[in-house]
Amino acid sequence: MIARTDASKRYNRRTIWISVAYAIFLIAAVYGFKHDLVGGPLRYVVAVLPALPVVGLFIAMGRYLVEEQDEYVRMLLVRQMLWAMGFALSCATVWGFLDGFGLVGHIDGYWIVVVWYFGQAVGGIANKLMLGDGGC
Amino acid sequence: MENRLRVLRAERNWSQQDLAERIEVSRQSVNAIETGKYDPSLPLAFRIAELFDLPIEEIFVSPSRRSSKAI
Numbered sequence: 001m002i003a004r005t006d007a008s009k010r011y012n013r014r015t016i017w018i019s020v021a022y023a024i025f026l027i028a029a030v031y032g033f034k035h036d037l038v039g040g041p042l043r044y045v046v047a048v049l050p051a052l053p054v055v056g057l058f059i060a061m062g063r064y065l066v067e068e069q070d071e072y073v074r075m076l077l078v079r080q081m082l083w084a085m086g087f088a089l090s091c092a093t094v095w096g097f098l099d100g101f102g103l104v105g106h107i108d109g110y111w112i113v114v115v116w117y118f119g120q121a122v123g124g125i126a127n128k129l130m131l132g133d134g135g136c
Numbered sequence: 001m002e003n004r005l006r007v008l009r010a011e012r013n014w015s016q017q018d019l020a021e022r023i024e025v026s027r028q029s030v031n032a033i034e035t036g037k038y039d040p041s042l043p044l045a046f047r048i049a050e051l052f053d054l055p056i057e058e059i060f061v062s063p064s065r066r067s068s069k070a071i
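Sequence lines, in order, name chains A and B.
Each residue of the first sequence is one higher than the one before, starting from 1 at the first, in our numbering.
Each residue of the second sequence is one higher than the one before, starting from 1 at the first, in our numbering.
Derived by calculation from the structure, the hints in this document are not laboratory data.
Don't take every hint at face value.
[Stated by the list, open to error] Listed next, the in silico DSSO-like pairs over lysine-lysine satisfying Cα-Cα at most 27 Å (straight line):
no.	chain 1	residue 1	chain 2	residue 2
1	A	Lys128	B	Lys37
2	A	Lys128	A	Lys9
3	A	Lys9	B	Lys37
Same shape as in the complex, but just chain A (with noise of 0.2 Å):
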């Protein structure tokens, strides 16, 4: 585990707040949807609101880069990242060929955010075998 800095239990709090607003923002989204509640243009608002706090997300890691002071954890987050970043846009390349011949189904978008959060497991695995005690 990579060590508890300032900086993380900032980026922690941050990411407890963002899931928050991302729940109530999803669930007000599909409620909205699902009731005919919103209209015309305002639909197009209601349906990113749920992206907002994903963005969020991202903006949030980027301030913990910044932030974290330790040089060795940065270079460690740092390489989870380019795992995380390598891995994702692997998977979407592979699964977009598959789609585009039609032997896989359609997947939304977003979940390339999942898959890029299961690349940071796999970046946390890869600072382990490489870097022993001090890796991820």
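Let chain A serve as the given structure and place chain B on it in line with the hints.
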């Protein structure tokens, strides 16, 4: 990068956590530097050198000098 950090720490009877607190990094960082898995930045290397009151090259072994010795 090969270094004498573990020896210098042991001479002072400091744990990795003690050293980490003195140079304001995590214990993980100290461990990674000691085992040569991570090369510290120049500012951190200076901080370590100043703590032990030694020149950087007496703590960290220059990779180029090390390879020339091997030749």
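Results of checking the hints against the structure:
1. A:Lys128 with B:Lys37: holds (12 Å)
2. A:Lys128 with A:Lys9: holds (21 Å)
3. A:Lys9 with B:Lys37: At roughly 25 Å apart (the allowed maximum being 27 Å), Lys37 of chain B and Lys9 of chain A satisfy the hint.
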